[in-house]
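2 protein chains.
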Amino acid sequence: MSYIENFAPEDFKVPGFKASGIACGIKKTGKKDLALIISEAPAQAAGLFTTNKVKAAPVLIGQYRIKKGTSRGVIVNSGNANACTGKQGYKAAEKMTILAEKALGFSKGSMLVSSTGVIGVPLPVERVEEGMQKLVEGLSVDGLNDATEAIMTTDAFPKRALVKGKVGGKTVTIAGMAKGAGMICPNMATMLAYFLTDANIKSATLKKAFKQAIDLSFNSIIVDNDTSTNDTALIFANGVSGGTEIKNNTADFKAFTKLLTEASVKLAKMIVKDGEGATRLIELDIRGAKSVNDARKAARTIAESMLVKTAFFGGDPNWGRIMGALGRAGISLDESKVDISFNGVPVVKKGLDTGKEAQAATAIKVKEIKVIVNLRSGSSEATIWTTDLSYEYVKINSAYRT
Amino acid sequence: MSYIENFAPEDFKVPGFKASGIACGIKKTGKKDLALIISEAPAQAAGLFTTNKVKAAPVLIGQYRIKKGTSRGVIVNSGNANACTGKQGYKAAEKMTILAEKALGFSKGSMLVSSTGVIGVPLPVERVEEGMQKLVEGLSVDGLNDATEAIMTTDAFPKRALVKGKVGGKTVTIAGMAKGAGMICPNMATMLAYFLTDANIKSATLKKAFKQAIDLSFNSIIVDNDTSTNDTALIFANGVSGGTEIKNNTADFKAFTKLLTEASVKLAKMIVKDGEGATRLIELDIRGAKSVNDARKAARTIAESMLVKTAFFGGDPNWGRIMGALGRAGISLDESKVDISFNGVPVVKKGLDTGKEAQAATAIKVKEIKVIVNLRSGSSEATIWTTDLSYEYVKINSAYRT
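Quick note, the sequences are listed as chains A and B, same order. Residues 1 to 402 in our numbering are what the first sequence lists, from first letter to last. Residues 1001 to 1402 in our numbering are what the second sequence lists, from first letter to last.
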């Protein structure tokens, strides 16, 4: 048991959690824009937030509240990011949590909050207030599907993942949902992800596992190079599985982290595939680096190169642009050792052209391209997923906000 | 006297220098592809080269030879970058200098060399050999125009600048030429710039002035974010003006550096304007930064944001994307102090929307956009010039190399 492909909507649930998703009128389209996810009992919780210094109000609240390590859940609106909105914005975010806590009879400070949407526009928190009763009444164990829909902005499809596995002597379930299409309608580049699990694990250990999983998934995708003011990933663990506690650095910890990583990698890759304007999913495998840091730097620099991304859009196996990116990545590099292959076709051996460009051009005329770069300078590795850069990207992102 | 607008081709010369430019057959189009610039007497010389760790063979030779501080000139080919070409490439670059030195009767090691064009393809140095006699015979004091043409790759127009000013008691001339269109046909993103002057200045002082000028010009433009394997800027000073020697930290030094900066800023802005696919020239003025380093980091992060660049292409005064870029720039930042204006229209005051978006949208529907960001955290400043990101950029850079 592990990742479950094509699960039925009715299987997308975790014992002890309820959720709901409704339209409260923040989105002009009338689509769902308010989500609620709660744990029936106080849950262990961990969170990771944007590194952008300009942080939206809900991020500031979340960073503070997550410190105590327990939470009852999260309320999320889409359609408005509540970022660059000053003190008024902070009050609006706080009010969202107070409204939910009161309606649910939860203690003050027990709820978290997220927002995603347009920047710099005051959040109409009265819509949240008006919708609260309906939102709470809608709570059900099957509500995660509605909640997933309600956090979407320009996502072409809802992003859900489900994994199950034996941990601590019991079958543990992890459900994950995410939103984000990377290169997005103006101001909506935010990535949000929520994970629910019935595993028995304390918040400090949970945070460690979560950090590892997020680094290998959401922190390993690059669509454009911008970091949102609102990026948030939260995990809640309620212990309902009844397994023994997952302690740090045990086999159970490894098993749990593996399951969690599997779910988050699946979600992260869905975000890349949904990158608006993306025509190809590109996996960059850096091998033989002197350090993991070098491997990640190399992968990021290639993934962020507009010249590399446009070449892939055009189906051009332009390895010169990859060599150029490696050279400015700030890593330990010996050009004469580098090997590069595109979908299995070696295009560079020891820094020189192999003459197989025509073969490589054919091999990359597909939806998924795997680039392997072997630096032959060490034994560290990293993988990053990215997209190409298309006309559609420019079209979507240059459209005036309406 | 200083920068000379719209000078006649016959005025583009500096006493004591000769140049030539011919077609030797490296470019398949039959256009000029081989340039020679020489000083009639040994000149003081300084050079600045790409920071990319993958350096083309001519860059390696230049970095070594420039150390002695004197040179007789440079031979340049376009159409082939001679990068990622291994030992064979190094020999080819060296041979270019040997051929020129022999034909001119110059001592070994006195000539520099540059290449620009496709990466990873062996340089057909025999074409240079065949063309050498014609190249040398073509040398003339009026030859800088031909040389400027011969270093072009996908440049839409030749880039030339001429400044004159009183330094050391005499009128000093500086002529500058450059190639580069920033976002370029596959593998031709290289920037080359050569400056000739009759100023009387020693190489160490010359290098200092040159570094200052290049930092404020070629190092202050961003078209895409890639650094070429071949970027090279060289300056030659022959002292023919007869002025007194320009010593470090004197009024003459300042006057000379100012003239040189003026010429190089003009050339750098020409490169941005010629950015293929660029529809707008964007000047980013960062003010009130805690340090110059912060100001430059802020400007670079904004200039490198694909979201910012596409918004400008669309004429969208999307200040949220600029705030987002500032937040991840790694600078000292207090969001609640930031002011932003677009072509004089304030769109953000103290971190909040001013409600003047419609006015700003009208103000930026022009070819040149000036963005002023005041961080109000200090007194340091920086200016960076960049372009928007258009369909044409994607088109040009995704086209398969032919």
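Wrong hints could be hidden among the right ones.
Unchecked claim - Computed Cβ-Cβ distance ranges for the label pairs, DEER-style:
| no. | chain 1 | residue 1 | chain 2 | residue 2 | range |
| --- | --- | --- | --- | --- | --- |
| 1 | B | K1350 | A | Q63 | 19 to 25 Å |
| 2 | A | I98 | B | S1336 | 34 to 40 Å |
| 3 | A | K134 | B | K1395 | 44 to 50 Å |
What the hints assert, rightly or not - In silico lysine-lysine, BS3-like type, Cα no more than 25 Å apart, as pairs:
| no. | chain 1 | residue 1 | chain 2 | residue 2 |
| --- | --- | --- | --- | --- |
| 4 | A | K290 | B | K1053 |
| 5 | A | K27 | B | K1395 |
| 6 | B | K1290 | A | K273 |
| 7 | B | K1053 | A | K53 |
| 8 | A | K91 | B | K1395 |
For the record, the hints were derived by calculation from the structure and aren't laboratory data. Since the model is a prediction, treat every value here as computed from it, not as a measurement. Just so you know, even glycine gets a beta-carbon here, dropped at the ideal spot from N, CA and C.
**Prompt:** Hey, K1290(B) versus K273(A), does the alpha-carbon distance stay inside 25 Å?
**Reply:** violated, 40 Å
**Asked** Taking the beta carbons of I98(A) and S1336(B), is their distance inside 34 to 40 Å?
**Response** violated, 24 Å
**Prompt:** Hey, K290(A) versus K1053(B), does the alpha-carbon distance stay inside 25 Å?
**Reply:** holds, 16 Å
**Request:** Evaluate the given range 44 to 50 Å for the C-beta pair formed by K134(A) and K1395(B).
**Result:** Taking Cβ atoms as reference, K134(A) and K1395(B) lie about 49 Å apart, which means the hint holds.
**Prompt:** Is K1053(B) within 25 Å of K53(A), Cα to Cα?
**Reply:** Outside the cut-off at roughly 31 Å; violated.
**Prompt:** Can the restraint linking K91(A) and K1395(B) be considered satisfied, given a maximum Cα separation of 25 Å?
**Reply:** At roughly 46 Å apart (the allowed maximum being 25 Å), K1395(B) and K91(A) break the hint.
**Distance restraint evaluation - K1350(B), Q63(A), Cβ atoms, bounds 19 to 25 Å** = Since the Cβ atoms of K1350(B) and Q63(A) sit about 23 Å apart, the hinted range of 19 to 25 Å holds.
**Prompt:** Taken at face value, is the distance from the CA of K1395(B) to the CA of K27(A) at most 25 Å?
**Reply:** violated, 35 Å
Hint check: violations occur at hints 2, 5, 6, 7 and 8; the rest are consistent with the structure.
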